[in-house]
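Student: Take a look at the letters that make up each chain.
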Amino acid sequence: MPSWDEKRAGEIIDAHKAMEGATLPILHAVQDAFGFITDRAIEMIADALNLSRAEVHGVVSFYHDFRRAPAGPHVIRLCRAEACQAMGADKLAQQMRETLGVDWHGTTTDGRVTLEPVFCLGLCSCAPAAMLDGKVMGRVDHAKLTAATLTGSTRVKA
Amino acid sequence: MTVRIFIPSDAAAVALGADEVAAAMAREAVARGVNLTIIRTGSYGLTWLEPLVDVETAIGRVAYGPVNPTDVAGLFDAKFFEGGAHPLSVGRIDDHPFMKSQIRHTFSRCGRIDPLSLADYRGAGGLRGLAQAVKLGPDATLAAVTESGLRGRGGAGFPTGIKWKTVKDAKADLKYIVCNADEGDSGTFSDRMIMEGDPFAVIEGMVIAGLATGATRGYIYIRSEYPGAVACMTRAIQIARTDGLLGVAFDMDVRVGAGAYICGEETSLLESLEGRRGQVRAKPPLPAHAGLFGKPTAVNNVITLASVPAILAEGADKYKSLGTGRSLGTIPIQLAGNVKYAGLYEAPFGMTLGQLVMDIGGGTESGRPVRAVQVGGPLGAYFPVSLFDTPFDYEAFAGLGGLIGHAGVVVFDDTVDLARQARFAMEFCAIESCGKCTPCRIGSVRGQEVIDRILKGVEVDKHIALLEDLCSTLKLGSLCALGGFVPFPVLSALTHFPEDFRARPRSLADVA
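Going down the list, the protein sequences come from chains R and D. So that you can map any letter, position 88 of the first sequence is 88 in my numbering, and since no number is skipped, the others follow by simple counting. Take any residue in the second sequence, note its place counting from 1, add 1000, and you have its number in my numbering.
Pulled out of the complex, with its shape left as it was, chain R reads as follows (with noise of 0.2 Å):
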């Protein structure tokens, strides 16, 4: 993920502030540009938009989706909804959140993994499910999940 820069954060502001309500817009191409909402871009999507600092941050502490910290550059984001909880979700919520040594949200201490609930990835018939790193699993298991992680070059504590 490259660093913040401020310039380019400037053009993607710019690409997109003339669209009908830009705000959701222009934050999603911000994080994906940069991992998450600085600062500065808050108070430069306010200027952008014509907006107070304090609305941008408002939306972006609404939505699960916005980050103001960086998260590791894995990401597990684990389905914690009933269609799941049915095939054994919790319990393997538990064994994910041990084999990690995080609680959710967190990141793993070597700064490599990050796990995060998700309310419904709509994987529902092949539950339960997960996305690492973007990537769809279902029926998943602690040993696939584990493993599936691992190929990430990810260090897992055993």
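In case anyone wonders, no lab produced these hints; they're calculated from the structure. Watch out, some of these pointers could steer you wrong.
Below are the DSSO-like pairs computed for lysine-lysine, each with C-alpha atoms no more than 30 Å apart in a straight line [to be verified]:
id, chain 1, residue 1, chain 2, residue 2
1, R, Lys144, D, Lys1318
2, D, Lys1295, D, Lys1171
3, D, Lys1171, D, Lys1135
4, D, Lys1165, D, Lys1318
5, R, Lys135, D, Lys1340
6, D, Lys1283, R, Lys91
7, D, Lys1340, R, Lys91
8, D, Lys1295, R, Lys17
9, D, Lys1283, D, Lys1168
10, R, Lys17, D, Lys1171
Predicted model, so just to flag it, every value in this text is computed and none were measured.
Could you slot chain D onto chain R? The hints should help.
Tutor: Relative to chain R, chain D alone:
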């Protein structure tokens, strides 16, 4: 001669390895000098057979599944590309009992065609509905949709024709059609499947909605958890624009949500589209009068809009001849969770819950007895097996303190603890509450705490009475369906599974 084979790019198929199978098929075909064309499609919805490889043969499409990359060499040995016999063969897909017993009105093309080929779409009956709408004109198009009895498939079940008429009658310089593709309910995936498998049906439905209401601009608001659907709809819109289907009388764009369940509520969705926190608006004004940017707006669910083209093409009479009572037409039911034959099953309203779960779904995947079924997502009621004779229609479910919602059916076996499920409903409501109204924002947290005390065995009777009282406050005092409906899972668990709340003293460790 080139053989055409079809492998889904649907997210569920991909989650089960469809991309790897497609790659292995392509490699093997080259290695063996077999002339294959691999077409990526949507999914038929028989998820337990995914990745499903469908082969075009003289006797129709012949399917094989579930295929692993390691099965590929064996399939070539068996000449699967000529429909050869193989242990993974499921025969002609149209003869499969799960397919054969469906009436696929909305999903007729899903799984069959290349989702991004407008030529395929036309060839399979696409755009006939729009042609008919153009011929009929706005008034008669609106009348046909009203006459068909189509109701909002997002969950509320509001008559689509009446909503459209309200927008049509509103006077404004600009009107919008907004497609709600923020399908956040657990156990539902029909919106995702149609967006990935037949996106032009959604676009055609929106163009027809524009024609009927006088709206010229549209948005489809897709949740960020569906990157495949976002990519497919975005590409389909570009193709439709190049073709002239969009960009002349009506144009539309994709907008992506940001992980807030509440944005599936229509006014919250509109706030989000306008670039703000997804907080619910008080009604009135109705979005049909003052919606997106204050303009008259029809907010319709994906399946509602995707059902419209075929209603116009085949006539309102045919559609309303299906179904029961005031629930007319077909409903794509999603069988999910702990169920043997999980997937998408489109049928007229009126089948019983038991038929769906036991006969179509085959009972649980775990092989244990079914204990509870949650219908309609996280805000839907839990039904016990004793209510399996309930017909699948809006009024029957409402009459039992439940809802069909977006028609997701989540099956649980006898290991489920309904008190914990009730607690989860409150926890979910607390996490996802937009915070605008007090009953939902505070009540959900208090509800979680009260259930924790019940789980610990602390003054159980008193706390159950308190929980019921709290549910009544949430139901009557919340601004929208999140706080208003969270009592459904909680109260249904209490009513139908009281033993889970009272039976055993629990240790603190049991309460997560």
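Student: Now tell me, hint by hint, if it's right for this structure.
Tutor: Here is what the structure says about each hint:
no.: 1; hint: R/Lys144 <-> D/Lys1318; verdict: 48 Å, violated
no.: 2; hint: D/Lys1295 <-> D/Lys1171; verdict: 9 Å, holds
no.: 3; hint: D/Lys1171 <-> D/Lys1135; verdict: 24 Å, holds
no.: 4; hint: D/Lys1165 <-> D/Lys1318; verdict: 22 Å, holds
no.: 5; hint: R/Lys135 <-> D/Lys1340; verdict: 25 Å, holds
no.: 6; hint: D/Lys1283 <-> R/Lys91; verdict: 41 Å, violated
no.: 7; hint: D/Lys1340 <-> R/Lys91; verdict: 20 Å, holds
no.: 8; hint: D/Lys1295 <-> R/Lys17; verdict: 21 Å, holds
no.: 9; hint: D/Lys1283 <-> D/Lys1168; verdict: 19 Å, holds
no.: 10; hint: R/Lys17 <-> D/Lys1171; verdict: 29 Å, holds
Violation of the numbered hints given earlier is confined to hints 1 and 6; the remaining hints are satisfied by the structure.
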